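Enquirer: Below, each chain spelled out in residue letters.
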Amino acid sequence: MAAEKMSLSKAINASLRTALETDPKVLIMGEDVGKLGGVFRVTDGLQKDFGEDRVIDTPLAESGIVGTAIGLALRGYRPVVEIQFDGFVFPAYDQIVTQLAKMHARSLGKVKLPVVVRIPYGGGIGAVEHHSESPEALFAHVAGLKVVSPANASDAYWMLQQAIDSDDPVIYFEPKRRYHDKSEVDTAAIPGPLHAARVVRQGTDLTLAAYGPMVKVALDAAAAAAEEGKSIEVLDLRSMSPIDFDSVQRSVERTGRLVVVHEAPVFLGTGSEIAARITERCFYHLQAPVLRVGGFHSPYPPSRLEDEYLPGLDRVLDAVDRALAY
Amino acid sequence: MTVESTAARKPRRSGAKRSTTARDTKKQPAGQTELVQLLTPEGERVEHPEYAIDPTPEELRGLYRDMVLTRRFDAEATTLQRQGELGLWASLLGQEAAQIGSGRALHDADYVFPTYREHGVAWCRGVDPTNLLGMFRGVNHGGWDPNSNNFHLYTIVIGSQTLHATGYAMGVAKDGADAAVLAYFGDGASSQGDVAESFTFSAVYNAPVVFFCQNNQWAISEPTEKQTRVPLYQRAQGFGFPGVRVDGNDVLACLAVTKAALERARTGQGPMLIEAFTYRMGAHTTSDDPTRYRSPEERELWETKDPILRLRTLLTREGLADDAYFADLERESDALAKRVRDAVRAMPDPEDMAMFEHIYADGHALVDEERAQFAEYQASFVTAEEGI
Ligand SMILES: Cc1ncc(C[n+]2csc(CCOP(=O)(O)OP(=O)(O)O)c2C)c(N)n1
Numbered sequence: 001m002a003a004e005k006m007s008l009s010k011a012i013n014a015s016l017r018t019a020l021e022t023d024p025k026v027l028i029m030g031e032d033v034g035k036l037g038g039v040f041r042v043t044d045g046l047q048k049d050f051g052e053d054r055v056i057d058t059p060l061a062e063s064g065i066v067g068t069a070i071g072l073a074l075r076g077y078r079p080v081v082e083i084q085f086d087g088f089v090f091p092a093y094d095q096i097v098t099q100l101a102k103m104h105a106r107s108l109g110k111v112k113l114p115v116v117v118r119i120p121y122g123g124g125i126g127a128v129e130h131h132s133e134s135p136e137a138l139f140a141h142v143a144g145l146k147v148v149s150p151a152n153a154s155d156a157y158w159m160l161q162q163a164i165d166s167d168d169p170v171i172y173f174e175p176k177r178r179y180h181d182k183s184e185v186d187t188a189a190i191p192g193p194l195h196a197a198r199v200v201r202q203g204t205d206l207t208l209a210a211y212g213p214m215v216k217v218a219l220d221a222a223a224a225a226a227e228e229g230k231s232i233e234v235l236d237l238r239s240m241s242p243i244d245f246d247s248v249q250r251s252v253e254r255t256g257r258l259v260v261v262h263e264a265p266v267f268l269g270t271g272s273e274i275a276a277r278i279t280e281r282c283f284y285h286l287q288a289p290v291l292r293v294g295g296f297h298s299p300y301p302p303s304r305l306e307d308e309y310l311p312g313l314d315r316v317l318d319a320v321d322r323a324l325a326y
Numbered sequence: 001m002t003v004e005s006t007a008a009r010k011p012r013r014s015g016a017k018r019s020t021t022a023r024d025t026k027k028q029p030a031g032q033t034e035l036v037q038l039l040t041p042e043g044e045r046v047e048h049p050e051y052a053i054d055p056t057p058e059e060l061r062g063l064y065r066d067m068v069l070t071r072r073f074d075a076e077a078t079t080l081q082r083q084g085e086l087g088l089w090a091s092l093l094g095q096e097a098a099q100i101g102s103g104r105a106l107h108d109a110d111y112v113f114p115t116y117r118e119h120g121v122a123w124c125r126g127v128d129p130t131n132l133l134g135m136f137r138g139v140n141h142g143g144w145d146p147n148s149n150n151f152h153l154y155t156i157v158i159g160s161q162t163l164h165a166t167g168y169a170m171g172v173a174k175d176g177a178d179a180a181v182l183a184y185f186g187d188g189a190s191s192q193g194d195v196a197e198s199f200t201f202s203a204v205y206n207a208p209v210v211f212f213c214q215n216n217q218w219a220i221s222e223p224t225e226k227q228t229r230v231p232l233y234q235r236a237q238g239f240g241f242p243g244v245r246v247d248g249n250d251v252l253a254c255l256a257v258t259k260a261a262l263e264r265a266r267t268g269q270g271p272m273l274i275e276a277f278t279y280r281m282g283a284h285t286t287s288d289d290p291t292r293y294r295s296p297e298e299r300e301l302w303e304t305k306d307p308i309l310r311l312r313t314l315l316t317r318e319g320l321a322d323d324a325y326f327a328d329l330e331r332e333s334d335a336l337a338k339r340v341r342d343a344v345r346a347m348p349d350p351e352d353m354a355m356f357e358h359i360y361a362d363g364h365a366l367v368d369e370e371r372a373q374f375a376e377y378q379a380s381f382v383t384a385e386e387g388i
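Chains A and B are the protein sequences, given in the same order.
For the first sequence, the UniProt record's numbering gives the first residue as 1, with consecutive numbering after it.
For the second sequence, the UniProt record's numbering gives the first residue as 1, with consecutive numbering after it.
A hint or two may mislead.
[Unchecked claim] Quick look at which bits of chain B chain A covers, simulated, 3 or more residues with Cβ under 8 Å:
1) 182 to 194
2) 262 to 276
3) 303 to 315
4) 351 to 365
[What the hints assert, rightly or not] Here are a few chain B residues that face chain A, going by a calculated C-beta distance under 10 Å:
5) Gly87
6) Tyr116
7) Ile158
8) Gly159
9) Ser160
10) Thr228
11) Asp289
12) Glu300
[Stated by the list, open to error] Chain A side only, calculated, beta carbon under 8 Å to chain B, not exhaustive:
13) Asp32
14) Lys35
15) Ser63
16) Ser298
17) Pro301
18) Pro302
19) Asp318
These are calculated hints, taken from the structure and not from any lab test.
Just so we're clear, the structure is a prediction, and the values are computed from it rather than from any experiment.
Using N, Cα and C, we set each Cβ at its ideal position, and we do this for glycine too.
Same shape as in the complex, but just chain A (with noise of 0.2 Å):
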């Protein structure tokens, strides 16, 4: 195989029946993975091609699924769980935060815990609550944990073979409203660093930063402001622990200029740690305030207002507009 153009999701399914061909102490588990293939099919064709000792319908319980990982982990398995909406991870919080981040610390190294915990996340599919939100700054709050979100299918693949291969626990989140674009993927490709951000268009005014299902509303920013003569560099974080500060700085160095964009609430977000260090790192070359881009200190919305809720191409804009003014 090698390259081939395929959905996110598509190629989420691909990279799982990757790993577990190649090795066999790879595990799927979750609600509805198998004979279902998932509420959103990502698991689809697993279970009937690695039987059910491999690709696991767990009971419908959340604390159950991670603390039954950990054990397979401490046994030498490498589990990968589905939880099945980032609103439903919280019932597994206990486990992820006071279990799963910090048994390796405790155990001074001793354990490997190669637990990669899959959450679709994100709005704008018009879902009822619990549905669409973007927990990613809790995750990253905790020391222990690494977390990922793909903006496209090729990451999408290789992020999620290099977060089963990790010996750490990975929360990747998958921006589920991307989950049916479609993009190149090499499965023989030498993939960069899992933690690496990636500058996917470049331009000398304004850094736009962002990670997950927001880069695509970053890059259609920055061609809509390109139409207005303004050159937008656009950074995918990738990662959101670590956070690639260094590829940030670089960015901004040479344009001056920051605005983070992500779904989740402003308040303590991720959005925030960029805006704090890239002061911190990038105070004399900086021509204006880092700005942020997200949700409102609001639950998020029933679905008739998420338009409004979500970061769009206009309210993007409004920031690239108010950063270049200064």
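Got chain A; can you put chain B with the ligand on it based on the hints?
Expert: Chain B with the ligand only, in chain A's frame:
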């Protein structure tokens, strides 16, 4: 959608290895004998030594009417989803007897904690059915006042509400009130830690709560065997309170058993678990595709146990309702469907600023700041347009 099978080139590692997956057992082998039933699928009245009721003809017709109108409301909501008026719908089709039977057992002062599928119970509580549609249309997250009908908001996170019900019941007991609490959940939910914890708390504090589990055989694609290896009602014993399995498609049995359980709770005898053995006739929700995981034969089998049909058989055979009655009810159903359809279509989208409302009871400076900024931002478009 389908992925090519790679089974041929993939070495299966099964070999001599022992399977760690529980063996398939026949679905609920002992189930039938333990089922409390007062009305058979053929519409025959039968006796049960512990649970008896003697409903008047009017009460029987009332139960029938409730089930028919609920089914019609549910069908209309499904249609509205198909027509794009609702984003999602969780149908109760097939579960009318479990919901109406248990719902009609309630006293006014009792309190209900539902999941997201209890449209029939809401009906029994006098909640306007159009109120249930706001969250499925995407205009609110519930929106009704739980205290106006003693019917709590729908809960989407599986199992959470059983703890709320238990705590509420602990409060009822502290107050010495003559009331009980009825908590609904599914067979899938029985796996959640919250449900186990609610059993523990309710037993330890002897809380006046009745747990009503609608075992509709499926949790999305997973059959009950993927949640439990013992019949669900038997769980209660380990926590120290009684559990009983009732024919969930028998409205009379559901009514009788829930009445008895609520009365036990009201009189200080503590919690009880009712497992209503029933069936989800439709998809899990309108976004689900049950053909991927269950056979059409299974549904056909359950169709012979239809809760509405069996009561209709009884009413007809005993001469308790005639053609005119059924025709009237049909017209009433049509009118209800029309009312619901019109109300949904007329339901306005929320104002943009609604996002910032009701987040805190006492207000919050950050919300105030963001509200003001967002208002200014929205106004900038109006100004820009006017400027043209
Ligand atoms: C904590 C949590 N995990 C997962 C889900 C997604 N989900 C919604 S309904 C459902 C199945 C529920 O099955 P059951 O409890 O049997 O109730 P039913 O829908 O069959 O009435 C699942 C997995 C959820 N809502 N909450």
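Enquirer: Would you pick out the hints that fail for this structure and give their numbers low to high?
Expert: 2, 3 and 12
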